[in-house]
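Colleague: Next come the chains, spelled out residue by residue.
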Amino acid sequence: MFEKPSKLRPALLGGIIVGAISGIPGLNLLNCCCCAGILLGGAMSVYFYKQEFTNEMPPMESSDALILGIVAGIIGALITTVLSATISLLLGPVETQMMRNFMEKLMQKLENRGSLPAGTMDNMRDQFEQAIKEGGTIGGILRSLIYALILYPIFSMLGGLIGFGIFGRKKPTIQQQPPVQ
Amino acid sequence: MNTSINTRIYILITFLVALWCAGILAAPVLQHAGFTGIANSTYSFFSRICHQNDTRSFHVEGEKFGVCVRCSAIYFGFLTGLLILPLLGVLKRNRVPKPMLMIAFMIPMLIDVALNDTGLHMSTTMTRVATGILFGGAMPWSIVPLLIEACLQLIHKKKIQSLDSGVCTYVRKTQ
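Residue numbers (our numbering), protein chains in the order written: chain D, 51 to 231; chain C, 4 to 178.
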């Protein structure tokens with residue numbers, strides 16, 4: 051009897067997606083849209099897991115997707131925290147100022163276009179300053195890690211279940227064997 | 004499916020979602036009551052998943068909710084959808100609805116966001132609430148049966164494992 055493939059590799063890949071999207075400044079704005087980045091990571095881990103199945107193996111179950119999503123979320127939380135802390139430590143005063151200028155220009159552009167309400171600029175500026183201030187302290191990093199360890203597995207699990215609904219129920223493609231001569 | 008276990012899992016999920024929604028409401032209430040420390044922690048927790056823009060948030064006694072209008076609509080819509088599920092008989096059915104249904108209900112919200120971000124049409128509180136509730140309310144229909152199914156599978160696997168270990172111990176003792 052064939053066993054199911056290992057969940058470690060797909061969960062790790064899903065976690066890297068979650069971590070990269072949530073940890074890289076600018077890209078993490080995607081999470082403002084229903085935690086889309088975290089949901090995507092969970093769904094992708096299920097997709098990668100599904101790719102490892104062959105016809106001889108037992109079918110993938112929703113419990114597999116649940117576990118994959120949770121593990122991908124935990125890995126993603128760890129990667130995000132490390133990535134955010136590293137970026138804020140590496141960002142010196144010059145780079146911080148450059149980033150601040152870039153953010154302000156972007157926000158100003160959006161505000162002028164009318165898609166941002168008044169006051170958003172100040173709000174975003176405060177959040178950016180707070181993120182830089184918090185990112186540098188051990189307490190801030192630990193708090194971020196705890197919050198991420200609660201939030202990411204939940205949303206990644208939901209992403210995993212959505213991914214299972216989309217990819218998981220399909221039967222694996224039958225590979226045509228070459229005719230034996 | 005075992006109905007009693009189904010119900011228990013459903014109640015647990017509902018409790019956790021209600022707790023989440025209570026957290027969203029707790030932030031402004033605590034802030035207003037003067038518990039600024041806990042309120043700030045609650046705001047900080049939800050800031051990981053929402054922009055918390057003051058002009059795009061509901062307010063209680065002048066203090067904004069833990070998340071913005073759209074997110075509030077999604078989460079409270081999810082709770083409402085979850086509470087309606089047993090009335091629709093979704094929990095008793097063995098069939099799990101396809102997630103494409105959820106994606107279809109997400110489209111109005113995506114259109115609202117896209118039109119707003121491109122500057123073609125300003126989204127209002129009404130459009131944010133309507134599209135958010137539509138999406139949030141439809142989500143449990145696809146997600147919760149899958150979640151219950153997954154939990155049942157894990158419970159059964161654990162039971163089989165403990166049964167196997169029990170048999171192994173019995174065999175070892177009798178040998």
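Heads up, a few of these hints could be off.
Okay, the calculated beta carbon distance ranges per label pair [claimed, not checked]: (1) L113(C) - P108(D): 35 to 43 Å; (2) Q158(D) - L157(C): 25 to 33 Å; (3) N43(C) - L77(D): 23 to 31 Å; (4) L156(D) - I87(C): 35 to 43 Å; (5) L156(D) - L123(C): 41 to 49 Å; (6) F152(D) - L91(C): 46 to 54 Å; (7) N151(D) - G65(C): 45 to 53 Å; (8) P89(C) - P109(D): 56 to 64 Å; (9) T136(D) - I163(C): 37 to 45 Å; (10) V32(C) - T136(D): 23 to 31 Å; (11) I14(C) - P75(D): 35 to 43 Å; (12) Q164(C) - I200(D): 38 to 46 Å; (13) T39(C) - K159(D): 33 to 41 Å; (14) H62(C) - L199(D): 24 to 32 Å.
Covered, in the sense of this in silico footprint (three residues per stretch, anywhere, with C-beta under 8 Å from a C-beta of chain D), are these stretches of chain C [as the list claims (entries may be wrong)]: (15) 34-42; (16) 50-59; (17) 86-94.
In case anyone wonders, no lab produced these hints; they're calculated from the structure.
Beta carbons: idealized from backbone N, C-alpha and C, even for Gly.
Colleague: Decide, hint by hint, whether the structure agrees.
Modeller: Do the hints match the structure? See the list:
1. The supplied range of 35 to 43 Å is met by L113(C) and P108(D), whose beta-carbon atoms lie about 36 Å from each other.
2. Between Q158(D) and L157(C) the CB atoms are about 50 Å apart, so this pair departs from the stated range of 25 to 33 Å.
3. At about 26 Å, the beta-carbon gap between N43(C) and L77(D) stays in the expected band of 23 to 31 Å.
4. Distance hint check: the CB atoms of L156(D) and I87(C) are about 41 Å apart, consistent with the given range 35 to 43 Å.
5. Distance hint check for L156(D) and L123(C): the Cβ-Cβ separation is about 19 Å, which falls outside the suggested range of 41 to 49 Å.
6. Taken as a hint, the range 46 to 54 Å holds for the pair F152(D) and L91(C), whose Cβ atoms sit roughly 49 Å apart.
7. Between N151(D) and G65(C) the beta carbon distance is about 33 Å. The supplied range of 45 to 53 Å is therefore violated.
8. For P89(C) paired with P109(D), a C-beta distance near 29 Å fails the hint of 56 to 64 Å.
9. Separated by about 44 Å at the C-beta atoms, T136(D) and I163(C) satisfy the suggested range of 37 to 45 Å.
10. Distance hint check for V32(C) and T136(D): the Cβ-Cβ separation is about 37 Å, which falls outside the suggested range of 23 to 31 Å.
11. Taking the beta carbon of each, I14(C) and P75(D) are about 41 Å apart, inside 35 to 43 Å as hinted.
12. In this structure, Q164(C) and I200(D) break the distance hint of 38 to 46 Å, their C-beta atoms being roughly 28 Å apart.
13. For T39(C) paired with K159(D), a C-beta distance near 35 Å keeps the hint of 33 to 41 Å intact.
14. Remark: the range hint 24 to 32 Å for H62(C) to L199(D) is upheld by a beta-carbon distance near 30 Å.
15. Given a C-beta distance limit of less than 8 Å, the hint that chain D covers the region 34-42 of chain C is violated, as 0 residues qualify and 3 are needed.
16. With a threshold of 8 Å between beta carbons, the proposed coverage of the region 50-59 of chain C by chain D holds, since 10 of its residues qualify and at least three are required.
17. A count of 0 residues in the region 86-94 of chain C with a Cβ less than 8 Å from any Cβ of chain D is obtained; the coverage claim is therefore unmet, three being the minimum.
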